[in-house]
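Given the coordinates of chain A, assemble chain B onto it according to the supplied hints.
This is what each chain is made of:
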Amino acid sequence: MIQQRRIEGTFPQLVTGLLIWAIIAGLVWFTRGLPYMEEGAPGPRFMPIVLALFLSVLNVLYWLETFFSRSEKKLSMPRLSQLIRPAGFFLVGLLMIFLWERLGVVATVLIASFFELKLIEGYSWTRSVLAGLLLSISTWLLFQVVLGIPLPTGPFEWLSFI
Amino acid sequence: METIHLLLQGFAVALTPENLFLCAIGVITGTVVGALPGIGSAGACAILLPATFKLGPVGSLIMLAGIFYGTQYGGTITSVLMKVPGESASVVTMFDGNPLARQGRAGVALGLAAIGSFAGGTLSIIGLMLFGPMLANLALELGPAEYFSLMVLSLSLVCAFTGKSIIRGLIATCFGLILALVGQDTMTGQPRLTFGLQQLLDGIEFLPVAVGMFGLSETIESFEQKEPMEMIKADLGFFKVLPSLRDLKESFFPMIRGTLIGFFIGIFPGAGPTISSFISYGVEQRVSRNPEQFGKGAVAGVAGPETANNAATGGAMVPMLSLGLPSSPSTAIMLAALIMFGLKPGPSLFREAPQLVWGLIGSMYIGNVMLVIINIACIPLIVLFMDRIKAYLPLAILLLSAFGVFSYRNSVFDIGIMLLFAGVGYGLRKIDFPPAPVILGVLLGGAAESSLRQAMVLSDGNPAILLTRPISAIFLCLTLIALFFPMFVLRKRPKAE
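Protein sequence lines correspond, in order, to chains A and B. Using numbering that gives the first Met the number 0, the letters of the first sequence correspond one by one to residues 0 to 161. Using numbering that gives the first Met the number 0, the letters of the second sequence correspond one by one to residues 0 to 496.
Chain A extracted, bound-state conformation (with noise of 0.2 angstroms):
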């Protein structure tokens, strides 16, 4: 059983309830130079101030449901050694961001497989790098060449030719 630390108190749902009402100000301070009505028909910031007065109902009934309801389980949140492994999931993500149109897809695929299944999985370097590079000839036979979708190339340009 994954041991997971219970929090005391009710500190998520307080940051929660303060994002939402960020959001909430957001909508009325980003849409302000919106008209609300033109001409007796609804305008464009109509809908953002009825969803602003909407969850802001809502928000405060959430705040209600976390401190006084009896039913209201705590949230049992993962300690940051369990979230190593989602964070490094994440961070292969971005790697593919910055790399996607910088070296090309069949690279990118390449160094993002290798870091997933090296540093993530913890498997050893000749699998990483031989299905990385299985991986990487695969999608990118299967997307460029069956379905035909335009890949970025990068500095490999010549795989453009086959």
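Since the hints were derived computationally from the structure, they do not count as laboratory data. Where is the CB? At the ideal position from N, CA and C, for every residue including glycine. A hint or two may mislead.
Just some of the chain A residues that point at chain B, by a computed CB distance under 10 angstroms [claimed, not checked]: (1) Gly39; (2) Leu57; (3) Tyr61; (4) Pro77; (5) Gln81; (6) Leu134; (7) Ile148; (8) Leu150; (9) Gly153.
For chain B alone, kept in the frame of chain A given last:
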């Protein structure tokens, strides 16, 4: 007679080699996805949606629908053999399926589940054939006010049935509706909440949000589990999964009840396969002569819920096709596919694209036949395949998601949006907010706003039109009932786990 004629035309469309092939790909993918914990049918549909663009609307919908009902078959495998539900609708199957497996009857559990799924899936398609056109004709009477109220009702039902708190569900819905505001206002063309970014002028696309929140965020969450899942070793040869006559006799009425429960529950937004399977289990336990057997390997405890969860897939198609309202994230993605092909789901779809609708219905019959054969004859192969690929699954999901989202608009920005919403989806799960209402809010937000503003133009800016139009008023009353009824019911008796 006309229905039979249309159905035969639908079979003619579904039985073309191309569509048969796509149906097979869809149901096999669905079975594997359903069997693998970490990704659900919505995630798989979202990830594969871009790959279906070249297939045309008929092929695309046949494949996506195959994935949708295929996952209900596949989810049983891990529920029975590993006590881990591959799909949320297979949670209930664990209660009696796993004990049956521990008694050396894994094959019987899986075989009964496959037969029940086939029965539920096939019979529910009959319901779809009868109710779909009927509802589509009724929908012609709906104006903008009625449509807006109906969307409010749909979104509220999703909140009422999904997640542990209606308030959190409604907040998640509002979040989705806010995301739908981003971009150019459809009526005036003015940019709204774009923050000066050119890429946001067309709005936040549904696809990267859906892929991120369902496909990737589930995968990220699965990284938190480190313990390997133990699988019961069982002989799953062909003759071992065929149930005995006695088992079939015990399962007959549970399957009939499961079909009815699943189909009618599945029609309601948010209520889908998961709720249907739980309700079916509860009903079987109540009507059984041996209720003490439930939880210890009762055959009815497997047959009923498995039938119900597949019957719900047919029910879920009814509002999606006839009203243009998705009742689940998976049908939301199918709806998005139709919109991307320039088709307007709703009452006009049955008239303007009968080949698509009846071709889909025909393919669902064929798909269910394929699934029962695959699930009875090929279970050992599926189990072996699962064992081999699960090591590479998270990476494969990331790559397929990135490629799929990129292929939609050739934009790296969309991959960034996908990753952002993967994080958002993960965060929402941690703070106990359901992601499904967000997706539905994004998909329906634009249409809901247009309908509301059109209704108010007709009433010279007076929102009372929503109450003065009788059908609209009825929908809004039903909305209040949907939101408040669970609170009163829950106060009186404790919530069943």
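Here is how each hint holds up against the structure:
Checking glycine 39/A against chain B: minimum C-beta separation of about 4 angstroms stays under 10 angstroms; hint holds. Look at leucine 57/A: its Cβ gets to within about 5 angstroms of chain B, closer than 10 angstroms, so that hint holds up. A distance limit of 10 angstroms between C-beta atoms decides the matter here; for tyrosine 61/A the minimum to chain B is near 5 angstroms, and the interface restraint holds. For proline 77/A, the shortest C-beta to C-beta distance to chain B is roughly 6 angstroms, which falls under 10 angstroms, so the interface hint holds.
Of the supplied interface hints, the one on glutamine 81/A holds, with its beta-carbon coming within about 5 angstroms of a beta-carbon of chain B, less than 10 angstroms. Proximity of leucine 134/A to chain B holds as hinted, the smallest CB-CB distance being about 6 angstroms (cut-off 10 angstroms). Satisfaction of the interface hint for isoleucine 148/A is found here, the shortest Cβ-Cβ separation to chain B being roughly 4 angstroms, below the 10 angstroms cut-off. For leucine 150/A, the suggested interface contact is upheld, since its CB lies about 8 angstroms from the closest CB of chain B, less than 10 angstroms.
Taken as an interface hint, glycine 153/A does not check out: its beta carbon lies about 12 angstroms from the nearest beta carbon of chain B, beyond 10 angstroms.
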